[in-house]
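2 protein chains.
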Amino acid sequence: MNTNPYYTQENHGPYEHYNIGKLELEEGGYLENCTLAVATFGSLNSDLSNAILVPTWYSGTSKIMEQVYIGPGKALDPEKYFIIVVNQIGSGLSTSPHNQTADQHGACFPNIRIGDDVRAQHQLITQIFKLSRLALVVGGSMGAQQTYEWAVRYPDMVERAAPIAGTARNTEHDFVYADTLIEAITSDPGFNQGNYNVAEDVTDGLRRHAKLWTVMGWSTEFFRQQRHKALGFDSVATFIDQFMVGYFSPMDPNNLLCMAWKWQRGDVSRHTGGDLAAALGRIRAITYVMPISHDMFFPPSDCQSEQKFISHSAFKPISSIDGHLALFGTDANFVEQVDLTLKELLATSAII
Amino acid sequence: MNTNPYYTQENHGPYEHYNIGKLELEEGGYLENCTLAVATFGSLNSDLSNAILVPTWYSGTSKIMEQVYIGPGKALDPEKYFIIVVNQIGSGLSTSPHNQTADQHGACFPNIRIGDDVRAQHQLITQIFKLSRLALVVGGSMGAQQTYEWAVRYPDMVERAAPIAGTARNTEHDFVYADTLIEAITSDPGFNQGNYNVAEDVTDGLRRHAKLWTVMGWSTEFFRQQRHKALGFDSVATFIDQFMVGYFSPMDPNNLLCMAWKWQRGDVSRHTGGDLAAALGRIRAITYVMPISHDMFFPPSDCQSEQKFISHSAFKPISSIDGHLALFGTDANFVEQVDLTLKELLATSAII
Numbered sequence: 007m008n009t010n011p012y013y014t015q016e017n018h019g020p021y022e023h024y025n026i027g028k029l030e031l032e033e034g035g036y037l038e039n040c041t042l043a044v045a046t047f048g049s050l051n052s053d054l055s056n057a058i059l060v061p062t063w064y065s066g067t068s069k070i071m072e073q074v075y076i077g078p079g080k081a082l083d084p085e086k087y088f089i090i091v092v093n094q095i096g097s098g099l100s101t102s103p104h105n106q107t108a109d110q111h112g113a114c115f116p117n118i119r120i121g122d123d124v125r126a127q128h129q130l131i132t133q134i135f136k137l138s139r140l141a142l143v144v145g146g147s148m149g150a151q152q153t154y155e156w157a158v159r160y161p162d163m164v165e166r167a168a169p170i171a172g173t174a175r176n177t178e179h180d181f182v183y184a185d186t187l188i189e190a191i192t193s194d195p196g197f198n199q200g201n202y203n204v205a206e207d208v209t210d211g212l213r214r215h216a217k218l219w220t221v222m223g224w225s226t227e228f229f230r231q232q233r234h235k236a237l238g239f240d241s242v243a244t245f246i247d248q249f250m251v252g253y254f255s256p257m258d259p260n261n262l263l264c265m266a267w268k269w270q271r272g273d274v275s276r277h278t279g280g281d282l283a284a285a286l287g288r289i290r291a292i293t294y295v296m297p298i299s300h301d302m303f304f305p306p307s308d309c310q311s312e313q314k315f316i317s318h319s320a321f322k323p324i325s326s327i328d329g330h331l332a333l334f335g336t337d338a339n340f341v342e343q344v345d346l347t348l349k350e351l352l353a354t355s356a357i358i
Numbered sequence: 007m008n009t010n011p012y013y014t015q016e017n018h019g020p021y022e023h024y025n026i027g028k029l030e031l032e033e034g035g036y037l038e039n040c041t042l043a044v045a046t047f048g049s050l051n052s053d054l055s056n057a058i059l060v061p062t063w064y065s066g067t068s069k070i071m072e073q074v075y076i077g078p079g080k081a082l083d084p085e086k087y088f089i090i091v092v093n094q095i096g097s098g099l100s101t102s103p104h105n106q107t108a109d110q111h112g113a114c115f116p117n118i119r120i121g122d123d124v125r126a127q128h129q130l131i132t133q134i135f136k137l138s139r140l141a142l143v144v145g146g147s148m149g150a151q152q153t154y155e156w157a158v159r160y161p162d163m164v165e166r167a168a169p170i171a172g173t174a175r176n177t178e179h180d181f182v183y184a185d186t187l188i189e190a191i192t193s194d195p196g197f198n199q200g201n202y203n204v205a206e207d208v209t210d211g212l213r214r215h216a217k218l219w220t221v222m223g224w225s226t227e228f229f230r231q232q233r234h235k236a237l238g239f240d241s242v243a244t245f246i247d248q249f250m251v252g253y254f255s256p257m258d259p260n261n262l263l264c265m266a267w268k269w270q271r272g273d274v275s276r277h278t279g280g281d282l283a284a285a286l287g288r289i290r291a292i293t294y295v296m297p298i299s300h301d302m303f304f305p306p307s308d309c310q311s312e313q314k315f316i317s318h319s320a321f322k323p324i325s326s327i328d329g330h331l332a333l334f335g336t337d338a339n340f341v342e343q344v345d346l347t348l349k350e351l352l353a354t355s356a357i358i
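Here the protein sequences come in this chain order: S and E.
This note's numbering applies: residue 7 is where the first sequence begins, and numbers increase by one.
This note's numbering applies: residue 7 is where the second sequence begins, and numbers increase by one.
Calculated directly from the structure, the hints in this document are not laboratory data.
Each hint can be trusted.
Copies of the same chain are indistinguishable here, so a pair counts whether it falls within one copy or spans any two.
List of simulated lysine to any residue pairs, SDA-like, C-alpha gap at most 25 Å: (1) Lys217 / His300; (2) Lys217 / Arg271; (3) Lys314 / Arg276; (4) Lys314 / Arg233; (5) Lys314 / Glu227; (6) Lys217 / Thr177; (7) Lys235 / Leu282; (8) Lys217 / Glu227; (9) Lys217 / Phe181.
Please build the complete structure, drawing on both the sequences and the hints.
So, in structure tokens, the structure goes:
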């Protein structure tokens, strides 16, 4: 039951669907046929040592990872690596509220955790792609949360980890910020407790949600330097309407809420009874912690306080006044810094 | 017509009401009997040279200025100075949507600009208090906006100016942030386009508004260091419920919206056809620009970019991880820094 024309191969492909079967969920219940939408680039080498896994962020899909971060000559080079981009559960391409049938459709979709995604990806990686090692796991924002979860949960599989603009344990500030995003949507009478007919019924809520992303997603410096003009918009109002609202408005509200709930609760210390240092101490990957200088909700200080618990790690902040949404690739200098940092990381010798 | 029990002498007094008569408004129309609620401390000296004006911020009243910033031994010392704290229009104590009669009541209240407040205060200062000089104008946030407006509009009257955590021309980022506050309230069906019966009808909207203040009012570092615990709340959820929601929920929504609209449009360059440098060039006050290090919406960089246009000025950032709401006086070290900086400023010799 896919009634939303946004989530298509035309918009986000090419990707392939892999049914990994029944996925037990950490919050209880299960997805009967958990299906992951996966885009791959390049090919496996003979000793299966060149696989890179890229999980996706809130609202993002494999397409933006392909467009911004993957290509010949880049760190994520399909001529050298087999790059696997997995769209997260709830993304709209993989199993998600909007594309499930009756008893798990829409508002009835179960709560999903970062750990559910990572276990689903582990199934994919080990049973479908038959891999036992990943040369690198790299992702931004919720992709960083999944990267940390991978490195803690499967320390013997992850040779290198690059969490960009994200944390291993979501902060309380970030939780409240995500709450405001959620409430922007759920407060719309058209949301109707998740039982709307089409995304357009929730236009006002999605618009407020986009405006909150405008405030927190970029940075005060972004606006002071009028970066919206460099991006081709003559006013902030136009930038909000066309870029921010335009980006989010076709998305399915329940899909966004599924991801937001998951984002709020990303926490590797669930493996160690709440002991973050112990959880991060399990990581054997060479880990580059890569926050963005002007990120307003995954700020460098929060990321650095986690980095110190990771044995083979380095703090590698990336400078950009575009803040968190520099992830979109709006700042060429940001993309270049990320690329150089990932190249440096990929050149290191793995510990495991 | 005051139907809101929050705005009383018991909660915010003592203050006196001064009717300054008819106030023409910059956006058109007028307030027939513009009444300012004013709290004074200390007494005028014989040569009328010791008056200090303190305008108030969004949602704040003269009471918090008294409690946090005024007292014997402090910079704002009633034993040395005659300190005049003027509650802004829309504050709930001065002329405001909730206390006006029929044709200007509630949603019918006209749009007010920072310049309207400052002209009303000018009437008060010159015609009621018979003063031609102010030793200092000092205010935080919207109080800083009014401070700048005073220094630009009446350069021969303001000897010293101390805008704390605010700008002379509101930034585009800040405008959008205030928009999210406004929409948190107006999106509540109980708001009913401003025609609610009591503030409680807008409980959900006021709650969302308080949560947005939680995200942007403090800082990521505030939460990382669990400052809410130092403030006496055992969890962030309790902190939000009791402190943030508790603070805002008794306030009148139309009053808040009146102030928010005004805040969004604070801009001294209205006097110079949009030329900010020219407007700030008019200032003759010795001006200490005092942003707060961790302020998420009046950040130091935005304040510093204005300071360079002011002739006799110094950039005096105040360090506090409490961010913008350090203004509340939650961080004793912040209050002390402000106090020392104001003492230093008051010890300078005026140019005019």
